[in-house]
Amino acid sequence: MVFRPKIIGFVCNWSMPKEVEISSPREMRGYPKMHVLRVMCIGRVDPVIVLDTFAKGADGVLLVGCPTPDCHYVEGNIQAENKVKVLKKLLMLTGLEPERLRLEWAYATEVEPFSTVVDDFRNQIIKFGQSPLAGGQSDERILLNVSAAKNAVADFRLRVFTGREEELTEAMNVYGEIIPQGEFDNLLDEIVNEEFLRHKIHLLTRQEPLSVKEIAANMNVKPAMILRHIVDMRRKRMIALDHVEEATPLYKALEVQ
Amino acid sequence: MTEAKVGATLVVGGGVAGIQAALDLADSGFKVYLLDKSPSIGGVMARLDKTFPTNDCSMCILAPKLVATGRHPNINLITSGELIELTGKAGNFEAKVRKRSRYINEEKCNGCGLCAQKCPVEAVDTFNESLSNRSAIYVDYPQAVPLKFIIDREKCIGCGTCQEICKAKAIEYDQQDSEIALKVGSIILAPGFEPFDATLKSEYGYGRFPNVVTSIEFERILSASGPYGGLVLRSSDGEIPKKIAFIQCVGSRDAQIGNNYCSAACCMYGIKEAIIAKEHVPINLSCTIFYMDIRAYGKEFDDYYIRAQEEYDIRFVRSRPARITEDPRTNNLYLYYIEDEGPRTEEFDMVVLSIGMQPPKNAQTLANVLGIQLNRYNFCQTSVFSPVEASKPGVFVCGAFAAPKDIPESVAQASGAAAKAMAVIASERGKEIVGKEYPPERDVSQEEPRIGVFVCHCGINIGGVVNVPEVVEYAKKLPNVVYAEANLYTCSQDTQGIIREKINEHCLNRVIVASCTPRTHEPLFKETVREAGLNPYLFEMVNIRDQCSWVHMHEPIEATEKAKELVRSVVAKARLLKPLKKPIINVTPIGLVIGGGVSGMTAALELAKQGFEVHLVEREKKLGGHLRQIHYMLEGKNPTEYLDKLINKVAKNRKIRIHLNAEVTEVNGFVGNFRSRITYNNGEEKEVENGIVIVATGATEYKPVEYLYGNSPGVMTQHELEEKLAKGEFKAENVVMIQCVGARTEERPNCSRICCGQALKNALKIKDVNPEVEVYVLYKDVRSYGFKEDYYREAAAKGVLFINYTDDRKPKVTSENGNLKITFWEPIIKEEMKLEPDIIALSAATIPNPDNKRIAEMLKVPLTKDGFFLEAHMKLRPVDFQTDGIFLCGMAHSPKFVDESISQACAAAARAATILSKKTLEMEGAIAHVDEDFCGGCRICENLCPYSAIEMKEKDGKVTAHIIEALCKGCGVCGAACPTKAITLGHFTNEEIMAQVKATLLEELKA
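In order, the protein sequences belong to chains W and C. Start counting the first sequence at 16; every next residue gets the next number (this note's numbering). Start counting the second sequence at 98; every next residue gets the next number (this note's numbering).
Heads up, some of the hints might be wrong.
Said to hold, decoys possible - Taking lysine-lysine pairs in the DSSO-like style, the calculated list, with each CA pair at most 30 Å apart, reads:
id: 1; chain 1: C; residue 1: Lys-375; chain 2: W; residue 2: Lys-251
id: 2; chain 1: W; residue 1: Lys-251; chain 2: C; residue 2: Lys-266
id: 3; chain 1: C; residue 1: Lys-821; chain 2: C; residue 2: Lys-907
id: 4; chain 1: C; residue 1: Lys-340; chain 2: W; residue 2: Lys-228
id: 5; chain 1: C; residue 1: Lys-528; chain 2: C; residue 2: Lys-280
id: 6; chain 1: C; residue 1: Lys-215; chain 2: W; residue 2: Lys-104
id: 7; chain 1: C; residue 1: Lys-280; chain 2: W; residue 2: Lys-251
id: 8; chain 1: C; residue 1: Lys-252; chain 2: W; residue 2: Lys-104
Just so you know, the hints here were simulated from the structure itself, not pulled from any lab data.
Put together the whole structure using the sequences plus the hints.
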């Protein structure tokens, strides 16, 4: 059976290539490159939506927006770029190929057919094969990872970081300084990792109380690291000690209000 | 340029020592600048879980002192600061301080903590010894003083989130470091210590093996507010350990790394940590302490050591482990050590390194700025007869910077340093501080209650859960409430203005604040209503934060209902509140010191230097006491010369009246107003009036009944040996010293502290006189703590042989034809040894003065079961008695060395000065009151009162109880026990409490 990838394209209203827009449903049937969802600006695509799209089984997600400096909403495209950077870092952690997500620029008036871009992306997805989350029998482990990633990008901490990247690395922070991009990216890496792990611990312990060792075995992370995160999660009221069995404390997630 | 002295003192270091010194100075009428390099005061003690030997919670006993310091009108806190320059001289210094920017306006920050919750950046939490993270905007701990946040500029990325979130508008990103010039008359150094860096002992694997932790990390692990919430966990896997080893002397008594001294506190804190760990762990935890000597030399410390073995089953192994290896699969640890002369390997789940104290990192810089000398280990140089004086006049030292020491000794020394610092500027008392004027109190007795209720949002601490406007509306409908409003922060400066305004505008005569805890905030609000002309007892507080919004964080509707109920209950009480008068009592500015030894003389002299008259009462015909028997010092100074000088100074001082051949036979009255009787040997009597009493009655030497003492001329006490050595009468080729004679026995379980030092002193002196003399010291533990360890090493190097003995195998002394014979077990070669020494010197215990019992009864103060005087609190009030106005110092407290007695004597003087310096004392107003008509004279209350504040008086043939207002602390125990209900406690009357109960329950019944 031929693999027909399900690709969701979030396309900006103002860069929507003509060939996409004018294609009638009939034409599209013969050329089902992707399913287009129109958004007004590509900067509007919340990382939560992208991860949710993957969780629901999409084989690939293509984001299309206006290239700099022609963003219809001044710099929504830059916001999208920052978000995609974080999303790719997170996808890497989930076990899904980060290349299943791509951000492309396009002009509505572009002469070169947009379809080559889509074809290229589609071919890549075909090479990867079906998403492990597609087709109703998703890989539980990866699904949990994607959910953790989704919760991580929904959380205040990462959103402050992504939301303020421009301000901090290009304009000026509150001290009148600019944070070098490399330094910022390193910090971001650290935080993405931390938040992913913490939200995964949170999801794991939602079902039943678990010990540090059990969580560590499940996540294939050193127990010392898990304990460290649990300490910080307790401080942030994400988790609490449930009970102690013999010499083993078990922790349970607190529902975040 | 004026040459006048300045009545202010700079205290460098805000740990428990600095805090104590600051409070004593401030309470005695001097301005204090308390400087700390950290953003909050509290020092190391704030990080400890429990304290030995009482197992008190460290933070619980420290917090009231923190609050008192933070609120004291005479103390100016300078945090995140360091001393960078000092000019001038004693009496008139100018100090320059650099204060690092907090990036927070301290006036505006209310410490609500919202910023920290939202800060996206995390940093390693050094307060928790890096075991957890904190945000880049933070306070060290929730009870921090000042409770002002700070931005960690190293970590902050400048995102601006905190500024947007701060409702108090306290964030100032452009705040710069600043320099402050201070004029002060004296300086106290209390910068504390730096914990030893355990990575330097690489054989123990600290830093490489996750389950090897330092003792300070372990304190945080034990702490309920620490990273693991009080569970003891292995950081490798989060499991509770079943077997822990403690290794003592890590970074102490270690010549290899240059720290030959003993850190003085680690044996006790090691034992404490083992005990507390056992209490915290739900399973049967096995604890082993590896030690060289257990130095439990302090007051009742051996009791604690015995309890650790007998009650807690803690195993003690006399061995210094050579190294530790780790099983990489389990992260368990293997300890390699020697026991009974055989190598051993033992597996443990966790190892705690009892790390020693090092001088503060900036000791050298500080010394350079101040122009003071450091000793060979870079601690502050002091001398045995001036233990709190740095080498520069006007600069004093206390706490661990003077020498490693535990908390009570740091506190005592801090008060001692305060006395010295006061003496320099005694003439300027009261000149740098501003007295406060209040408007007259409004008479509200004829008014209906008109209650004002102020409900605090506390940022979102309360408002985020409790619907504050709803509570305000509810309060308005309650009977007698004529005004209610919500505040973002009721404690902020501007709200105090609003409260005063509203009191006047609405003619309020009762004020209620519904906010946080009265323990920290009630004094502030009482002050505010007093400023508005209301009696402060017309104020009442409701805690709707700790007891409502925090505990019901996830139930906003229920929390709002509970807040209403809490407010309703306190409104019911407030309607009944009555104004109370704070009794004002006069103070007789004269001291009475009992005992004319070095402690008593020092205390008297320090009081006199501050301008107070003193009666110094000595039973003997000469001053001098115990020090008369000391002919030379371990540290090489001449005690006789010192004693003569001291006696001379005391005799010449016109403020001191010396009563020789005399005893104090009666003390009546109370703080500020004692009347005492002095009875002379010849039967004459004299009555004196005094404001305070200092007990300095010393101790005596135990007369041994062991080891043929008294039956053989060759057997003598260390004092007798010392006298022979001093007089040149020493003749012997072979000397055996036996330690712990009459101490650490079943009858007297505690250590006499000074005998190891005496033995070392005499042994070294003997080697000095004739290096050929063989000297054996038979000991249980050599307790040469602190820098005295140097002399232990020196003695060993000079050939003094130290041989350990245990209670199972005590040495045996016999005499045949006048020849002494001693047999003892040699544990290394495992053989009985026989010697025929010329002298057997017994290190006899120091036992309480037999007169203590009489004095204790006379003063109504307690004794320990050993017979020494018992202070108010073993940790934080080492020279106070529970009864106000009575203090103790020197060997009356417990055995101690001369320098320690001097420190304590100065401390007693400083504590006494906090009373004598005041013309009047304002006492607590909410105290007990006896209705004589109802009193049956049963004396139950008299016996129950912990402060001796109740006396029985006869009037018209009827004996009734009377409250001594000056002594009553208002606990109410008397009233709750009174069979005839004759006793009422102000501000907490039965009617008031029942009104609260009724208001709390009735509405609930309806619902």
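Status of each hint after checking the structure:
1. C:Lys-375 x W:Lys-251: holds, 29 Å
2. W:Lys-251 x C:Lys-266: Distance ~24 Å between Lys-251 of chain W and Lys-266 of chain C Cα, so the pair holds.
3. C:Lys-821 x C:Lys-907: Given that 30 Å is the threshold and the Cα spacing comes to 26 Å, the pair holds.
4. C:Lys-340 x W:Lys-228: holds, 19 Å
5. C:Lys-528 x C:Lys-280: Holds, at about 13 Å.
6. C:Lys-215 x W:Lys-104: Distance of about 23 Å is within 30 Å: holds.
7. C:Lys-280 x W:Lys-251: Violated, because 45 Å separates the two Cα atoms, which is more than 30 Å.
8. C:Lys-252 x W:Lys-104: It holds: about 22 Å lies between the C-alpha atoms, which stays within 30 Å.
Comparing the model with each numbered hint stated earlier shows that hint 7 is the single one that does not hold.
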